[in-house]
Amino acid sequence: MTERMRAPIAALAASIGLIAVYLAFGGASYEPADVEDPCAPRDAALLERRGTFEAIALSSLDGAACELQVTREELTLALTSEEATADFAATLGIEPEEVEQAVRAGLVRAVDDQAAAGQIDGIEESVLREVAERAPVGAAISALQALPGDDSIQSLLEQLGELGELDLPTIDELPNLDDLPSREELEELLP
Amino acid sequence: MPTRSETVRDILLALTVGVVLADSSIVTLALPEILREYDSTVVGVSWVLTAFNLVLALAILPASRLARSRPRAGWAGGLIVFALASLCCAVAPSIEALVAARVVQAAGGALTIACAIELLARSRGRHELAAPLWGAAGTIGVAVGPAAGGLLTELLSWQAIFAVQVPLLLLLPVMARARLPRPEPGATGPRDLRPELGLALLSAGLTGALFLLVILLTEGWGLTPLAAAATVSAIPLAALAARFVVRHAGPPASAALAGGLATVGGLAALAFLPGASFALTLQPQILIGLGLALALPVLTLAAVGGRDPRGSRAAETIAARHAGIVVGIVILAPVLSSQLVDQREAAQQSTTALLLDAQLPADTKLRLGDAIAGQIASAEGRLPEVAPAFAAVTPPAGSEAEYAKLEGGIEDQIERAATSAFSGPFLAAAAIAALALVPIGLLGARRR
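If you read the protein sequences in the order shown, they are chains A and B.
The numbering of the first sequence is my numbering, which starts it at 18 and goes up by one.
The numbering of the second sequence is my numbering, which starts it at 3 and goes up by one.
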């Protein structure tokens, strides 16, 4: 090696060496965590480990996200506030009401699916259908996810009672929790 | 042989060059604070740097013509304008006023530098003999600027960066009595702009290193301005230490080529950081500092020592360097801004996915979601710290391991997304600096 080339070759070797070490230790390997396709069915075993109401909330998000052709996570972030929903709708070139309609439709379908699978009984189905059709969708999804794991009707009514826009029966109004009202009786209680 | 008083006078003149050139980068570590104070954007706040360097690059050539006829008056007038404009920067009520004050500051600074270089050349007899003094002062100023700015921002405020420059007016008596003859005319011969081109492109790379690194350290990894200042001090320290390497680097053209390669290599290595730790930035910074110490003096001397019958190439050299800085910021700021938005969205989706899919009770996840949202809001645009959000929520009994796994996963996603956002801009900076290898290589070929 000539004296003229010694320093440039040393600089080149040091640069390549440093980059190689960084690459070997994971440099430039960052990939965002996997975000599932909302239109593909979720792992059934995963959903079974969740509470019924959380599964309904997640299933509704999947359904609505699939319809809007976005990810479930994008939709979740869009439902955190009215401003976020408006920004999200503007990005998609649709009205905020269309986002709400999609989530509401997803929620109704999720309630239908859970009822058909026998995961919820008559009063739960009625209360949930009321929520799906009338409650503000972001608050409804949050309320369903916030339910503790016991999936009891007491928890459901306590949590949904936070949604002021709905006229749901309170726990005290239920005559006997061992003798829950039928769907027809509940429909009389609900507006 | 200069007398002791002449040496002190020359050092003080070089100091004014160093201080003015430090202003091209001194505000870098204060940019996040300025961005928040004026509710600006990355691109908007980058004009605090861009405006200064653009005006300096444009004004220094006409200033050098004035410097040849009235250097003492020009130096004093430039220094007064520079100091008063610094005061205006410190009290600017808006980002527009700050940028306007920076424009005036740069115009005064350009006159100060052009006249100081002319006075140094008169003092030393020739421009070629004065170049090492003002060249070293300028390089140290640009390299030390961010660290000095970070220190002042942390200890006092970003306004202090500008306020401390007002006492430069105390140097005015330095040239009150000096009577210096004109310097010897420079060599005649074919004009060669390759050194200036190399300087411009390497300066764009250096700006990339400093501008991007500072934002990565403060906004990406959440370091305080003081800690970030200490971290980016690695470049000037490496440049100082390189004095002991330069003598072993062979002929000047080989040293310049080695310096260019090391600068490009250091910038490229910053694009491949394997983790979010300041320690991992030190090795690339050392390469960059070493590279600049090898390349810049050779290129500056090649420019000033070439055909220069009117003594204007010193100003052209500075104009080239600062034009390079402007090009670097104008190209890199929008690239970084766009990457930050993309990576922020990717990180938000990733962390939301981790939270939704975590094997934790849903109410725990919702409380965590609220706590993390609170952290994001209180971060005011900076990278949020998730640890306080996790500390604020108690994990259910038996879920501690899953809880800790989720916290680790989210922290990893946020840090890696922030680091990844800078990969593209660092590679762009490396590509700009790599273009400098062409004129540097041709310079070596010509000299052989």
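Simulated from the structure, these hints should not be mistaken for laboratory data.
Keep in mind the model is a prediction, meaning the values are calculated, not measured.
Check before you lean on any hint, since a few could be wrong.
[As the list claims (entries may be wrong)] Where chain A lies over chain B, by a calculated footprint (3+ residues, C-beta under 8 Å):
id : stretch
1  : 115-125
2  : 203-211
[Claimed, not checked] Coverage of chain B stretches by chain A, computed from C-beta distances (three or more under 8 Å per stretch; other residues unrestricted):
id : stretch
3  : 57-65
4  : 243-253
5  : 265-275
[As the list claims (entries may be wrong)] Below, a sample of chain A positions facing chain B; criterion: calculated Cβ distance under 10 Å:
id : residue
6  : Ile33
7  : Arg89
8  : Thr93
9  : Glu99
10 : Val125
Every residue gets a Cβ at the ideal spot worked out from N, C-alpha and C, and that includes glycine.
To see whether the hints hold, each was checked on the structure:
{"no.": "1", "hint": "115-125", "result": "violated (count 0)"}
{"no.": "2", "hint": "203-211", "result": "violated (count 0)"}
{"no.": "3", "hint": "57-65", "result": "violated (count 0)"}
{"no.": "4", "hint": "243-253", "result": "holds (count 4)"}
{"no.": "5", "hint": "265-275", "result": "holds (count 8)"}
{"no.": "6", "hint": "Ile33", "result": "7 Å, holds"}
{"no.": "7", "hint": "Arg89", "result": "7 Å, holds"}
{"no.": "8", "hint": "Thr93", "result": "5 Å, holds"}
{"no.": "9", "hint": "Glu99", "result": "15 Å, violated"}
{"no.": "10", "hint": "Val125", "result": "20 Å, violated"}
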